[in-house]
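Asks: Sequence:
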Amino acid sequence: MVGQLEIVAKNLLDINAVTLKPDEPFTWASGMRAPIYTDNRLTISYPFVRRNIAVGMTELIKHHLDDVDVIAGVATAGIPHAAYVAERLQKPLVYVRSKPKDHGRGRQIEGVLKAGQKVVVIDDLLSTGGSALKAVKAVKDAGGDVIGVVSIFSYQLQALDDNFKEAGLPYYSVTNYTTLIETAKQNQMISDDQLASLHAWRKDPVQWSKEYSE
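When the sequence shown is numbered by numbering that gives the first Met the number 0, its final residue is 213 and no position is left out of the sequence of numbers.
Simulated restraints on C-beta separations:
#, residue 1, residue 2, range
1, 86, 190, 40 to 50 Å
2, 26, 65, 36 to 46 Å
3, 46, 75, 15 to 25 Å
4, 187, 27, 18 to 28 Å
Derived from the structure by calculation, the hints contain no laboratory data. Built from N, CA and C at the ideal position, the CB exists for glycine as well.
Build the full structure now, drawing on both the sequences and the hints.
Replies: Right, here's the structure in full:
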């Protein structure tokens with residue numbers, strides 16, 4: 000039976016929110032070469048895709064983080080999905096700016112967040128977890144009690160696990176890298192050799208990048 004992991008993975012591939020090019024790698028902003036590029040902002044333009052994502056996120060929260068009081072979206076890509084989930088759960092919504100405003104009250108958290116409220120932070124993508132954990136810090140600084148992070152997609156990198164372990168927080172994703180590349184292979188979007196290369200990248204992205212840069 001096809002589950003939500005596979006459904007959303009196929010959705011992301013079909014709308015080109017995720018592109019796989021192991022033979023012609025992308026260069027990320029960090030300078031790293033990678034066989035994958037993700038733009039989950041595209042998902043908001045497809046009602047059936049954003050609905051599947053919202054269903055997946057809602058189920059993850061109900062199963063793992065059910066005592067949540069407030070849903071927080073990470074600006075900017077996490078905000079619409081946080082709104083869909085907050086509506087489904089009938090919970091208050093806030094969003095987290097990348098930095099405090101430089102005018103007015105200088106807020107970084109927009110919306111009503113009361114001290115001690117339990118918060119689930121929603122982002123579109125988790126690679127190393129840096130941006131999500133910055134948002135977590137901002138919520139904590141504003142008095143919120145962050146109980147977990149939920150995303151559309153995770154690259155499943157070791158650095159992500161390490162960073163969240165250090166932060167003492169759980170994270171959950173509607174779908175992930177392994178499911179996506181296996182789904183791509185099942186749908187004949189990539190070859191066996193390309194699948195092997197994609198697995199190798201996840202195992203050691205730095206070494207993979209070096210080999211393609213030589």
